[in-house]
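**Student:** Given these sequences and hints, build the entire structure.
There are 2 protein chains.
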Amino acid sequence: MAQKYVTRQEDYSKWYNELVYRADLAEHSDVRGCMVIKPYGYAIWEKMRDILDAKFKETGHSNAYFPLFIPKSYLSKEASHVDGFAKECAVVTHYRLKNAEDGSGVIVDPAAKLEEELIVRPTSETIIWNSYKNWIQSYRDLPILINQWANVVRWEMRTRLFLRTAEFLWQEGHTAHATKEEAIKEAELMLDVYSDFAENYMAMPVLKGRKTESERFAGADDTLCIEAMMQDGKALQAGTSHFLGQNFAKAFEVKFADKEGKLEYVWATSWGVSTRLMGALIMTHSDDEGLVLPPALAPIQVVAVPIHRTDEELAAISEKFDQLSKALKARGISFKYDSDDNKRPGWKFAEYEAKGVPLRLAMGPRDLENGKVEVARRDTKTKEVIDFDGVESYIVTMLDEIQKNLLQKAMDFRASNMKKVDTYQDFKEQIDNGGFFLAHWDGTKETESKIKEETQATIRCMLLDQELETGVCMVTGKPSAQRVVFAKAY
Amino acid sequence: MAQKYVTRQEDYSKWYNELVYRADLAEHSDVRGCMVIKPYGYAIWEKMRDILDAKFKETGHSNAYFPLFIPKSYLSKEASHVDGFAKECAVVTHYRLKNAEDGSGVIVDPAAKLEEELIVRPTSETIIWNSYKNWIQSYRDLPILINQWANVVRWEMRTRLFLRTAEFLWQEGHTAHATKEEAIKEAELMLDVYSDFAENYMAMPVLKGRKTESERFAGADDTLCIEAMMQDGKALQAGTSHFLGQNFAKAFEVKFADKEGKLEYVWATSWGVSTRLMGALIMTHSDDEGLVLPPALAPIQVVAVPIHRTDEELAAISEKFDQLSKALKARGISFKYDSDDNKRPGWKFAEYEAKGVPLRLAMGPRDLENGKVEVARRDTKTKEVIDFDGVESYIVTMLDEIQKNLLQKAMDFRASNMKKVDTYQDFKEQIDNGGFFLAHWDGTKETESKIKEETQATIRCMLLDQELETGVCMVTGKPSAQRVVFAKAY
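Which chain is which? The protein sequence lines are A and B, in order.
Counting along the first sequence from 1, when you hit position 378 you're at 378 in the numbering used here, and nothing is skipped either side.
Adding 1000 to a residue's 1-based position in the second sequence gives its number in the numbering used here.
Since the hints were made in silico from the structure, they are not lab data.
One or more of the hints may lead you astray.
List of simulated lysine to aspartate or glutamate pairs, DMTMM-like, C-alpha gap at most 25 Å [as the list claims (entries may be wrong)]:
hint	chain 1	residue 1	chain 2	residue 2
1	B	Lys1047	A	Asp53
2	A	Lys4	B	Glu1289
3	B	Lys1452	B	Asp1442
4	B	Lys1488	B	Asp1465
5	B	Lys1057	A	Asp412
6	B	Lys1113	A	Asp109
7	A	Lys383	A	Asp412
8	B	Lys1404	B	Glu1289
9	B	Lys1087	B	Glu1115
10	B	Lys1348	A	Asp141
11	A	Lys14	A	Asp232
12	A	Lys87	B	Asp1102
13	A	Lys113	B	Glu1156
14	A	Lys326	A	Glu27
Values in this document were obtained by computation on a predicted structure and should not be read as measured data.
**Tutor:** So this is what it looks like as structure tokens:
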């Protein structure tokens, strides 16, 4: 790897972009704002998806699939919803192309104009509640607990791979309930599913909180979120879970008969995470040598590289790793043996480092002779030469240790970059260094937007699990019921 | 289930539509031509997807994801490709809505017109080969073996749930190779994967064949296919695998340096199956009582229903089924115990029959006393009362037998509805009764389209595995190299 890459210190943003290419995760396509998710990146996303999907099913949800297109009039039915999404959507207006009469090529056929334009879904509340209308008559039809894995489109003007793209992949849960309490419980439950996934699989600690009114999802009564801290101290919203009240039920006239036969509007939630999580994963753990992956999400958990001069040596080393391969596969550990003769071991080392493979094994003729193998950890970049006998259980222990170490490291980083501030002066001096700031706020939109304007920092959330501490707003001096979390964010 | 449903005999097409609703598989959405795949239908599709996905990976393929949108100019680069798809596509022309000045609602913002229109992908050859161009320089970069699970849109005018919808879900494999031979081998390999899946999981026998030139995929040099026979004797194309030659490589200028450094165009294949397979599955096995599912694809393989008067009886029966549930789960058999007290056993029986659950167990107080359980097979509609002890291994055997029986039944049906015909007179007299007809054809487009015009029958394929038998065309009397398969088709 002769190429020199920029370090995090030098240019965090450029480091990120280079890393996504270097680890072969994704690339920009020629279609404005749309990315190509390459096989290695997609393999990580598949792991995320499968783990989340199992958790959704464990908590009683089923998958379904709703149309990609939303009639313009549906989007308009919930007033704040359309305000939130109309400004950035892809609009289908025609359904046919034809050959231009002047022979200049293919043009849109003006005769094939749609009566009503279709919007490529930016999110599916409206199209789904339009269906729920027909599915729900009585309390017996509730709850409905449905999730959808899908692509969505939001016409973002400034895009970044995984973090903000015009098209992205996500899941969106949409549930319908007979009572407000049940819907709120559901929104909280799914937030817990997300935070559990973030911490125990992504090794990424998250704050669980509630958005302020101005940061809420368009159409929600309450938006819960998980917020993670990236290595540059910026916040990344990693998932949201919305209590939608009866807003969509009212917009689409969805009522149910309760046990007494009385008609009531249905209560709703929606919740989602997206390929944005890929960006969060990358920026939480990776270093200047490339991607660092937690073993729980690594498509290749262990890679082995032979170091040899002769074919006999290669054959003997291959036999050893072949043996190990079977043993690891039986334990569900993904193992790759890279004996490709066209590439030098040093090149391979750098390659698997860039791709974040948690453990790398290497064996040369002398190791073979002595019954040894070299084991290199990606997270700490430490190496050990150990007995080949017993390497299998060593690997199991080590993968577990790496997973824990990455979480601990991220937790330590966050702890040392999260502080209380009490004056706006202090806040303004420190905010550019990054980090999360717990500060008092008077609860008004005016103060919130003044702070945003002057510092680019936003209120990430009001923490769910914190002792309330009253105080005075750092900007206006008015009373404050609790500290809230400020940060600059992705 | 008081409602009376139409039988296959009375109206096959209506029977199909009613069944899709009755088994709760899918429904029409308000968006023209787009369907909602409901949880039970989606659960079957998920099983199909997971099995196919594992097979693709076993044969060396990786998943990736490419943009939903295709610039109009890309689609135009391969001449026959654009001819095939331009007439039925959704065109995105704008990227923003705004409030109408007269307050009448939300309208398309004329200021947000795209410079170049985007087509919602009807298939992804063009956008993918535009990427491959940058991925391929040398023979070392080949082969590329990629699959994508995605939604696609083709603006069909006459739609039917699963069989023909404007939006559908599918997988599309796109591979790039250094040699023609390797690409042809790949196309054949994937056809075998499809036919193996159809026969061993869907219990649906298929003919493997080659399409005539006029039935080829737009942009292919050769289209291989699997064709299945539905219960009304019509053919359904269940999957296709295309040898694309160098057509897309030439359209997108994709060359590689071979071992001697000489530049050559890359060879390509693409192959796909879609949610259409759901329609094929339904029409192969189902009967007038509803869906019949092969155990390999059934979301619920075994359902158990208690029949009781008292709570004590229910408790005792539940204990038995609880025990069985654990034993079956340990064997990977999906089991549902339906003790919902709001519904009568008879209602449940009809419901699970309509949903095609392969085995239904029932236990009443007397069964409990005698250590018995009633087992009902969905495929044969036979019932047996057997000892509860040992029911677990009985179930395992029975599921296997049902899977085999469904395939055998479908094979017998096909065998008795596939015949050789030698005169056009015979052909015309018999074609309306349905079935596959092996007949001689002179190999010309003219004769092919004359037959289609006069009988609505098409050449489904030229069989891959058949002894060649020369003869004379049933229409023109000109020489024919082999019999081909004619049928009316979905």
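**Student:** Can the restraint linking Lys4/A and Glu1289/B be considered satisfied, given a maximum Cα separation of 25 Å?
**Tutor:** violated, 68 Å
**Student:** Run the distance test for Lys383/A versus Asp412/A: straight-line Cα separation, threshold 25 Å.
**Tutor:** holds, 24 Å
**Student:** Is the hinted pair Lys87/A and Asp1102/B satisfied, with a Cα-Cα distance of at most 25 Å?
**Tutor:** holds, 18 Å
**Student:** Are the Cα positions of Lys1047/B and Asp53/A separated by 25 Å at most?
**Tutor:** holds, 14 Å
**Student:** Given the hinted pair Lys1452/B and Asp1442/B, is their Cα-Cα distance within 25 Å?
**Tutor:** holds, 14 Å
**Student:** Compare the distance between the alpha carbons of Lys1113/B and Asp109/A with 25 Å, and conclude whether the hinted pair is satisfied.
**Tutor:** holds, 16 Å
**Student:** Are the Cα positions of Lys326/A and Glu27/A separated by 25 Å at most?
**Tutor:** violated, 34 Å
**Student:** With the threshold set at 25 Å, check whether the alpha-carbon distance from Lys1087/B to Glu1115/B stays at or below it.
**Tutor:** OK: Lys1087/B and Glu1115/B at ~21 Å, within 25 Å.
**Student:** Measure nothing beyond the straight line between the CA atoms of Lys1057/B and Asp412/A; if it is 25 Å or shorter, mark the hint as holding.
**Tutor:** Answer violated: Lys1057/B to Asp412/A is near 39 Å, above 25 Å.
**Student:** Run the distance test for Lys1488/B versus Asp1465/B: straight-line Cα separation, threshold 25 Å.
**Tutor:** holds, 22 Å
**Student:** Is the straight-line distance between the alpha-carbon of Lys1348/B and that of Asp141/A 25 Å or less?
**Tutor:** Holds: Lys1348/B and Asp141/A sit about 16 Å apart, inside 25 Å.
**Student:** Given the hint that Lys1404/B pairs with Glu1289/B, test it: the Cα-Cα distance must not exceed 25 Å.
**Tutor:** Between Lys1404/B and Glu1289/B the Cα gap is close to 21 Å, so the pair holds against 25 Å.
Hint check: violations occur at hints 2, 5, 14; the rest are consistent with the structure.
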